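Chains as they are written, first to last, in our numbering: chain A, 1 to 87; chain B, 1 to 111.
Treat the hints as calculated values from the structure; they're not laboratory data.
No experiment lies behind these values; they were computed from the predicted model shown.
Heads up, the beta-carbon is just placed ideally off N, CA and C, and yes, glycines get one too.
Take the hints with a grain of salt, since some may be wrong.
Partner residues are not named here, just some residues of chain B that face chain A (Cβ under 8 Å, in silico) [what the hints assert, rightly or not]:
id: 1; residue: Lys22
id: 2; residue: Ile25
id: 3; residue: Met43
id: 4; residue: Tyr47
Example chain B residues on the side facing chain A (calculated, C-beta under 10 Å, incomplete) [as the list claims (entries may be wrong)]:
id: 5; residue: Met1
id: 6; residue: Tyr3
id: 7; residue: Asn4
id: 8; residue: Leu10
id: 9; residue: Leu74
id: 10; residue: Ile77
id: 11; residue: Ile91
id: 12; residue: Ile92
id: 13; residue: Ile101
id: 14; residue: Leu103
id: 15; residue: Ile105
id: 16; residue: Leu106
id: 17; residue: Leu109
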Amino acid sequence: MIFLEYLLIALMVFAALLAVIFEEELISIICLSIFSFALTALYLLYKAPDVALTEAVIGSGLNTAIFMAAISQVRSGRKNHVSREDE
Amino acid sequence: MIYNLVFLLLFMLGFYTILVKKNLIKLVIGLNIMEAATFFWVMALNYREGVIPILKTGSKAAAVVNPLPQALILTGIVIGASTTAFLLTLIIEINKYANVIDLDILKGLRD
Chain A
1 MIFLEYLLIA
11 LMVFAALLAV
21 IFEEELISII
31 CLSIFSFALT
41 ALYLLYKAPD
51 VALTEAVIGS
61 GLNTAIFMAA
71 ISQVRSGRKN
81 HVSREDE
Chain B
1 MIYNLVFLLL
11 FMLGFYTILV
21 KKNLIKLVIG
31 LNIMEAATFF
41 WVMALNYREG
51 VIPILKTGSK
61 AAAVVNPLPQ
71 ALILTGIVIG
81 ASTTAFLLTL
91 IIEINKYANV
101 IDLDILKGLR
111 D
């Protein structure tokens, strides 16, 4: 129990560090999803299954989805602008 | 003790991201990390030995873990998701107006 807890805490800190140091947004968001997964497992260890369920659905699923939607909007808008200037 | 150190490390990591990074999406990522670090801290400090807090008939109330921080964190996670969605909507609108999400360039576009 103690060993698993420390392992998950180390994974969480490592994933947060990777999410901060990468410049590419997509890799950062995937690392944020891994961070959220480690937090979900920690909530299960702390006897809070309802919070773990919510964190798995919202933190690891919905947050990744809306971040990716925002990035695709930003990138497609930028590409349209450049092509319009070229014409 | 180790929970305080982990909380401080994660919170400072998110704060550093908000202060230093120039990409607006990275700012939202830093805010998410700060939020999750606070929830982890509250949950880890309030844990005590016990069973999952669903009381059956005849079981003693002192045998379960504290359910109050769990309810607070459940609310906080949902509010954090809505805050993230709102900030990302603002970023999409800024990108439609200025076609860039870099803070240094956006400062020059002000006048």
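How the hints compare with the structure:
With 8 Å as the threshold, the beta carbon of Lys22(B) stays out of range of chain A, its nearest partner Cβ sitting at about 10 Å, so the hint is violated. With its C-beta approaching chain A no nearer than about 5 Å, Ile25(B) sits inside the 8 Å limit, and its interface hint holds. Taking 8 Å as the C-beta cut-off, the interface hint given for Met43(B) holds, the closest approach to chain A being about 5 Å. Because the beta carbon of Tyr47(B) sits about 5 Å from the nearest beta carbon in chain A, less than 8 Å, this interface hint is met.
The interface hint given for Met1(B) is broken, as the beta carbon of that residue sits about 13 Å from the closest beta carbon of chain A, more than 10 Å. The criterion of a C-beta within 10 Å of any C-beta in chain A is met by Tyr3(B), whose closest approach is roughly 9 Å, and the hint holds. Nearest Cβ of chain A to the Cβ of Asn4(B): about 12 Å, over the 10 Å cut. The hint is violated. The interface hint given for Leu10(B) holds, since its Cβ lies 6 Å from the closest Cβ of chain A, which is under the 10 Å cut-off.
The closest approach between the C-beta of Leu74(B) and any C-beta of chain A is roughly 5 Å, which is under the 10 Å cut-off, so the hint is satisfied. A hinted interface residue such as Ile77(B) counts as satisfied when its beta carbon comes closer than 10 Å to some beta carbon of chain A; here the least separation is about 5 Å, so the hint holds. Taking 10 Å as the C-beta cut-off, the interface hint given for Ile91(B) holds, the closest approach to chain A being about 6 Å. Annotation: interface hint on Ile92(B) holds; nearest CB of chain A at approximately 5 Å, less than 10 Å.
At a threshold of 10 Å, the smallest CB-CB gap from Ile101(B) to chain A is about 6 Å, leaving the interface hint in force. Nearest Cβ of chain A to the Cβ of Leu103(B): about 14 Å, over the 10 Å cut. The hint is violated. Against a cut-off of 10 Å between C-beta atoms, the interface hint on Ile105(B) is violated, since the closest Cβ of chain A lies about 12 Å away. Below 10 Å, beta-carbon pairs count as interface contacts, and Leu106(B) has none with chain A, the closest being about 13 Å; its hint is therefore violated.
A hinted interface residue such as Leu109(B) counts as satisfied when its beta carbon comes closer than 10 Å to some beta carbon of chain A; here the least separation is about 14 Å, so the hint is violated.
Consistency note: the structure conflicts with the earlier hints numbered 1, 5, 7, 14, 15, 16 and 17.
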